[in-house]
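Peer 1: These are the residues of each chain, in order.
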Amino acid sequence: MKIITTCGMGVGTSLMLLMELQAIGAKHGITIDGEALDISSIHGQNCDVIFGSNEIVKSLNDITVPVVGIKNILDKTEIEAKLLEFIRSTATGRE
Amino acid sequence: MQLENTSVSLDDESRTPDNAIRAAGQLLIEDELAEPRYVEAMIEAFRDLGPYIVLAPGIAMPHARPDAGAIREGFAVLRLATPVEFGHPENDPVRLVIPLVGSGDHSHIDLLKRLSRVLMDPDAVDTLLTTDDIALVTALFNDLKN
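Read top to bottom, the protein sequences are chains A and B. Residue numbers 1 to 95, in my numbering, belong to the letters of the first sequence in order. Residue numbers 1001 to 1146, in my numbering, belong to the letters of the second sequence in order.
Warning: the hint list may mix true and false statements.
In silico DSBU-like cross-links for lysine-lysine, where the CA-CA straight-line distance does not exceed 30 Å [unchecked claim]:
#1 1113(B) x 76(A)
#2 82(A) x 2(A)
#3 2(A) x 27(A)
#4 2(A) x 71(A)
#5 82(A) x 71(A)
#6 1113(B) x 27(A)
#7 82(A) x 58(A)
#8 58(A) x 1113(B)
#9 58(A) x 2(A)
#10 76(A) x 58(A)
#11 71(A) x 27(A)
#12 1113(B) x 82(A)
#13 71(A) x 58(A)
#14 71(A) x 1113(B)
#15 27(A) x 76(A)
#16 2(A) x 1113(B)
Bear in mind the hints are in silico, worked out from the structure with no lab data behind them. Because the structure is a prediction, the values reported are computed rather than measured.
Please model the entire structure based on the sequences and the hints provided.
Peer 2: The structure is reproduced here in structure tokens:
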């Protein structure tokens, strides 16, 4: 699956989040093709889902791709739970 | 990557986000990680993009675009004497300010990995918040090289 992570400038929290998502993906045998982008470059990007901190993604209300907000970028448990929840929700949606 | 020289300032007296970011940025300048304009760019980014740099409870990671005066990748550690409200709905108030200098080509990803490994460790964060020993803080980050 392709995930785009986003933050204000694409060099800080989005990269941290992407590394974390890829590590979690590897643990669960999910290959995550990802890219960290700044919020102004996000429109028109092709991906399955966008992850970012709550404070950043709340401005993304005009986007058609699913968006997942994270409260604490340093909380692996939260990130893992939200990634797995997203994967479950898409699996259900396709049935 | 030189982590030996990570600048650390404990119990800074800043009382506003702007002052805290400026004080943290001063460490980057002293360490020759960034030009003075990079620090102003960090403050502008905070004003423009909001408090999302408070990435976890009590921890802010201000940064700017590398082309805004970055010299080389790195970070510094500033602990605030008094917790400061940055306007984040969930992660305020801020106790630790970790200003970051990244690079345009994402080659600082290694540095982010090390940084997040320390900041994800509750014991390490507890040390950062409580110790009066700068060497101990430096050691926390240096240990990551192995």
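Peer 1: None of the hints should be skipped; say for each whether it holds.
Peer 2: Hints and how they fare:
Straight-line distance between C-alpha atoms of residue 1113(B) and residue 76(A) comes to about 13 Å, which keeps the hinted pair within the 30 Å bound. With a C-alpha separation of about 15 Å, the suggested pair residue 82(A) and residue 2(A) falls inside the 30 Å cut-off, and the hint holds. This hinted pair checks out: residue 2(A) and residue 27(A) have alpha carbons roughly 17 Å apart, not beyond 30 Å. With a C-alpha separation of about 21 Å, the suggested pairing of residue 2(A) with residue 71(A) holds against the 30 Å cut-off.
At roughly 11 Å between alpha-carbon atoms, residue 82(A) and residue 71(A) fall within 30 Å of each other, so this suggested pair holds. The hinted pair formed by residue 1113(B) and residue 27(A) meets the criterion: a straight-line CA distance of about 17 Å does not exceed 30 Å. About 16 Å separates the Cα atoms of residue 82(A) and residue 58(A), which keeps this hinted pair within 30 Å; it holds. At roughly 26 Å between alpha-carbon atoms, residue 58(A) and residue 1113(B) fall within 30 Å of each other, so this suggested pair holds.
For the hint linking residue 58(A) to residue 2(A), the alpha-carbon distance of about 21 Å falls within 30 Å, and the restraint holds. Using a Cα cut-off of 30 Å, the hinted pair residue 76(A) and residue 58(A) holds, with the two alpha carbons roughly 21 Å apart. Using a Cα cut-off of 30 Å, the hinted pair residue 71(A) and residue 27(A) holds, with the two alpha carbons roughly 22 Å apart. With a C-alpha separation of about 21 Å, the suggested pair residue 1113(B) and residue 82(A) falls inside the 30 Å cut-off, and the hint holds.
Only pairs whose Cα atoms come within 30 Å are accepted, and residue 71(A) paired with residue 58(A) is accepted, the gap being roughly 11 Å. The hinted pair formed by residue 71(A) and residue 1113(B) meets the criterion: a straight-line CA distance of about 19 Å does not exceed 30 Å. Between residue 27(A) and residue 76(A) the CA atoms are separated by roughly 12 Å; this keeps the pair inside 30 Å, and the hint holds. Only pairs whose Cα atoms come within 30 Å are accepted, and residue 2(A) paired with residue 1113(B) is accepted, the gap being roughly 21 Å.
Of the numbered hints given earlier, the model fails none.
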